[in-house]
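Number of protein chains: 2
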Amino acid sequence: MTNRKKLTLGLFGFGCVGKGLYDVLNQTTGIQANIKKICVKHKDKLRPIAMEHFTFDKNELLEDNEIDIIIELIDNADDAFEILEKALQKGKAVVTANKKMIAEHLPEILTLQSKYNKPILYEGASCGSIPIIRNLEEYYDNELLDIVEGIYNGTTNYILSKMFNENRTYADVLKDAQKLGFAESDPTLDVEGYDTKSKVVINNFHAFGVISHPNELFNYGIQNISIHDIRFAKEKNLKIRLLASTKKYDKELVCFVMPQFVDKSNPLYFIEDEYNAVMLQGVFTENQLFKGKGAGAFPTASAVLSDISALTYNYSYEFKKHYQNLDFFINQSKKLKVYFRYKEEKSIEAIQMQNIEVSYKSEDYKYVIGEVNLSNLINNKALKNPDVFIGLLSVK
Amino acid sequence: MTNRKKLTLGLFGFGCVGKGLYDVLNQTTGIQANIKKICVKHKDKLRPIAMEHFTFDKNELLEDNEIDIIIELIDNADDAFEILEKALQKGKAVVTANKKMIAEHLPEILTLQSKYNKPILYEGASCGSIPIIRNLEEYYDNELLDIVEGIYNGTTNYILSKMFNENRTYADVLKDAQKLGFAESDPTLDVEGYDTKSKVVINNFHAFGVISHPNELFNYGIQNISIHDIRFAKEKNLKIRLLASTKKYDKELVCFVMPQFVDKSNPLYFIEDEYNAVMLQGVFTENQLFKGKGAGAFPTASAVLSDISALTYNYSYEFKKHYQNLDFFINQSKKLKVYFRYKEEKSIEAIQMQNIEVSYKSEDYKYVIGEVNLSNLINNKALKNPDVFIGLLSVK
Numbered sequence: 175m176t177n178r179k180k181l182t183l184g185l186f187g188f189g190c191v192g193k194g195l196y197d198v199l200n201q202t203t204g205i206q207a208n209i210k211k212i213c214v215k216h217k218d219k220l221r222p223i224a225m226e227h228f229t230f231d232k233n234e235l236l237e238d239n240e241i242d243i244i245i246e247l248i249d250n251a252d253d254a255f256e257i258l259e260k261a262l263q264k265g266k267a268v269v270t271a272n273k274k275m276i277a278e279h280l281p282e283i284l285t286l287q288s289k290y291n292k293p294i295l296y297e298g299a300s301c302g303s304i305p306i307i308r309n310l311e312e313y314y315d316n317e318l319l320d321i322v323e324g325i326y327n328g329t330t331n332y333i334l335s336k337m338f339n340e341n342r343t344y345a346d347v348l349k350d351a352q353k354l355g356f357a358e359s360d361p362t363l364d365v366e367g368y369d370t371k372s373k374v375v376i377n378n379f380h381a382f383g384v385i386s387h388p389n390e391l392f393n394y395g396i397q398n399i400s401i402h403d404i405r406f407a408k409e410k411n412l413k414i415r416l417l418a419s420t421k422k423y424d425k426e427l428v429c430f431v432m433p434q435f436v437d438k439s440n441p442l443y444f445i446e447d448e449y450n451a452v453m454l455q456g457v458f459t460e461n462q463l464f465k466g467k468g469a470g471a472f473p474t475a476s477a478v479l480s481d482i483s484a485l486t487y488n489y490s491y492e493f494k495k496h497y498q499n500l501d502f503f504i505n506q507s508k509k510l511k512v513y514f515r516y517k518e519e520k521s522i523e524a525i526q527m528q529n530i531e532v533s534y535k536s537e538d539y540k541y542v543i544g545e546v547n548l549s550n551l552i553n554n555k556a557l558k559n560p561d562v563f564i565g566l567l568s569v570k
Numbered sequence: 175m176t177n178r179k180k181l182t183l184g185l186f187g188f189g190c191v192g193k194g195l196y197d198v199l200n201q202t203t204g205i206q207a208n209i210k211k212i213c214v215k216h217k218d219k220l221r222p223i224a225m226e227h228f229t230f231d232k233n234e235l236l237e238d239n240e241i242d243i244i245i246e247l248i249d250n251a252d253d254a255f256e257i258l259e260k261a262l263q264k265g266k267a268v269v270t271a272n273k274k275m276i277a278e279h280l281p282e283i284l285t286l287q288s289k290y291n292k293p294i295l296y297e298g299a300s301c302g303s304i305p306i307i308r309n310l311e312e313y314y315d316n317e318l319l320d321i322v323e324g325i326y327n328g329t330t331n332y333i334l335s336k337m338f339n340e341n342r343t344y345a346d347v348l349k350d351a352q353k354l355g356f357a358e359s360d361p362t363l364d365v366e367g368y369d370t371k372s373k374v375v376i377n378n379f380h381a382f383g384v385i386s387h388p389n390e391l392f393n394y395g396i397q398n399i400s401i402h403d404i405r406f407a408k409e410k411n412l413k414i415r416l417l418a419s420t421k422k423y424d425k426e427l428v429c430f431v432m433p434q435f436v437d438k439s440n441p442l443y444f445i446e447d448e449y450n451a452v453m454l455q456g457v458f459t460e461n462q463l464f465k466g467k468g469a470g471a472f473p474t475a476s477a478v479l480s481d482i483s484a485l486t487y488n489y490s491y492e493f494k495k496h497y498q499n500l501d502f503f504i505n506q507s508k509k510l511k512v513y514f515r516y517k518e519e520k521s522i523e524a525i526q527m528q529n530i531e532v533s534y535k536s537e538d539y540k541y542v543i544g545e546v547n548l549s550n551l552i553n554n555k556a557l558k559n560p561d562v563f564i565g566l567l568s569v570k
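Protein sequence lines, in the order shown, are assigned to chains U and Z.
The numbering used here numbers the first residue of the first sequence as 175 and each following residue consecutively.
The numbering used here numbers the first residue of the second sequence as 175 and each following residue consecutively.
Watch out, some of these pointers could steer you wrong.
Heads up, the list lumps identical chains together, so a pair's fine if it works in one copy or across two of them.
To be verified - Derived lysine-lysine pairs resembling DSS-like cross-links, with alpha carbons at most 27 Å apart:
id, residue 1, residue 2
1, Lys180, Lys570
2, Lys289, Lys217
3, Lys289, Lys179
4, Lys217, Lys425
5, Lys353, Lys570
6, Lys410, Lys438
7, Lys508, Lys555
8, Lys535, Lys179
9, Lys180, Lys289
10, Lys260, Lys535
11, Lys408, Lys438
12, Lys353, Lys219
13, Lys540, Lys408
14, Lys232, Lys193
Just so you know, the hints here were simulated from the structure itself, not pulled from any lab data.
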């Protein structure tokens, strides 16, 4: 057996995932890694382990030559990037689960890794416990992928499942999810699809080699979903899932985050509660599905742990698809068939809906089914209106 | 980007997977690998590519110093092992998809890899296109796994799906599967669970570090399944799946291959047709599912291709779980609750069934539901009787 390095870690952040990692490292026997110090922000917070483990000074970790690896598990993306950069400068490898930071800094990640020749790993940043990034890098590196699609956010899938299975309202389930720790007190990033979009950007990078900024892509969430929408789905034997989708058409990639009506022929129909799933379709492997917990202390910590383990043999991403120069580009001019619930007729005009094939009006609510162009949805203020809800039926 | 090696390959076998690999290598651009020569057995078979690519002399590949990697894709396990050994002696890495050969030679694989210091990779040997071995080695290496279970054989899942969904008999669907190339003309290895059992042995090795010989484990297939068994399942809202199962109880591993009745709470319920699935349950990642095509030219070839790609950076398995000395051992003395269809009462005695809680007799058929000990099933001749069928309801 290869002799693997014994690692000394410096940990930033001791929230849910940080504490999870601490516990996981204490339970597993296969890896020789020791957390030397943990840097946290709030001095007056009660900590579940002795204070001697903590510091409030980031330099105590960054300047410590004994520390080989910085594990970055804080919330703030800007602070996280600063830590990443400084750690690499100091000759340390970095493991992070900060999806926003990674998604917004892909060009810098490429530059920094080659400049300092130190690995940056972030399996925990996409789809929680599902080992999607490493598989895209190491297993699908020569695959010609056509579709990467799935449920990338556990909070929203939990809410949608409960609304559907227990006939409850969005507000009611959200409150519950917050109590259970499945949703933040400010749930915006999850429920409006921003969290999912960061993961789309990261997965696109490793699946197709393309770099995009999250701001370029369309995201629409479930914050305005009503029981009418759920009832519509049920009547048609469909479920609603918040979908992350990237599909390749020749050299064009069409990608977006939005609720989709799915039927039983779609494996995502069966993904319930806080689970995530990634579906891949490629020329050789055909259809593949990975399913696992998308959030939670241990599932995310286990992804972080797998990165730490990979650093014992100096693993680093090679960004294979990116360097294959596949010339894919993002083009979001694509016709979508959608369900659109609205109150005022001007909302329909605002999204430039065409070829309306169904128009339903009752005292309770109104909807139309017709075609819109994805490009007309991006940054469209009409979709901020809490009285509307849009859900994908199919890509034309 | 790391400079990766350009590889020269020698290929043994040009059946379904061999031809698939040839086509895949021609279509992908990410890997620099060239098949120099293909060694085949039958001189008078028509080949889809020019004869100049072929040889009938294995030494032409094994003795060729230009060839870095031997790709072994032949049927015969003994011949395959001979090729493996010889190739390593000659300083070549080996990629194989021969599950029987690997499962029967795990101790030798360990010895040979360390003796010759050349990698032996076999992703294609377990669960077709699903990247299970590499993930067990690299992602779950520090996970404390409790369960590795799934559908590892596409042929039998295809037969079970068709019988269930189209109300057809076993014989009828089997004939169809043979026509479509999903089943061999002699389907024994698939339908009786031997193929699945080889994969159980391989997965156990990488998931738990244990070495066992296929002959030690219990396998029972679907060759005697009847429409009565399917009807029983339907009445109870269950489906029947040929299950590969390994569960850990403290230091004991209980593992077997047998048909199981599954309900909707089990993800395997939804795995249809020729798909395979692997479910993992671990302390940290909790429940994970991998689903993909379990057979076929391209899906298996893509697994082989991923091994070839890994050899461009000299990847080799470290057999991490094995060298962690986890001291797991296989103990098959476990009570199972089973459905048992029979004709003669003595069959019930022969498997030493106890605590019979349901006994059903009609003109058409008879069954009992009760408890058996797994150890009483292993090598039990009563189960060879074509008039009986046993299916697992639950592990007690």
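Against the structure, the hints come out as follows:
1. Lys180 <-> Lys570: Neither. Shortest intra-copy (53 Å) and inter-copy (42 Å) distances fail the 27 Å Cα cut-off.
2. Lys289 <-> Lys217: neither (35 Å within a copy, 55 Å between copies)
3. Lys289 <-> Lys179: both (23 Å within a copy, 23 Å between copies)
4. Lys217 <-> Lys425: neither (52 Å within a copy, 43 Å between copies)
5. Lys353 <-> Lys570: neither (40 Å within a copy, 36 Å between copies)
6. Lys410 <-> Lys438: Answer is both; intra-copy 11 Å and inter-copy 21 Å each pass.
7. Lys508 <-> Lys555: within (19 Å within a copy, 62 Å between copies)
8. Lys535 <-> Lys179: neither (67 Å within a copy, 65 Å between copies)
9. Lys180 <-> Lys289: Answer is both; intra-copy 25 Å and inter-copy 26 Å each pass.
10. Lys260 <-> Lys535: neither (58 Å within a copy, 76 Å between copies)
11. Lys408 <-> Lys438: Cα proximity of lysine 408 and lysine 438: in one copy and across copies (12 Å, 19 Å).
12. Lys353 <-> Lys219: within (20 Å within a copy, 68 Å between copies)
13. Lys540 <-> Lys408: within (17 Å within a copy, 40 Å between copies)
14. Lys232 <-> Lys193: Within one copy only: 18 Å inside a chain, 56 Å across chains, cut-off 27 Å.
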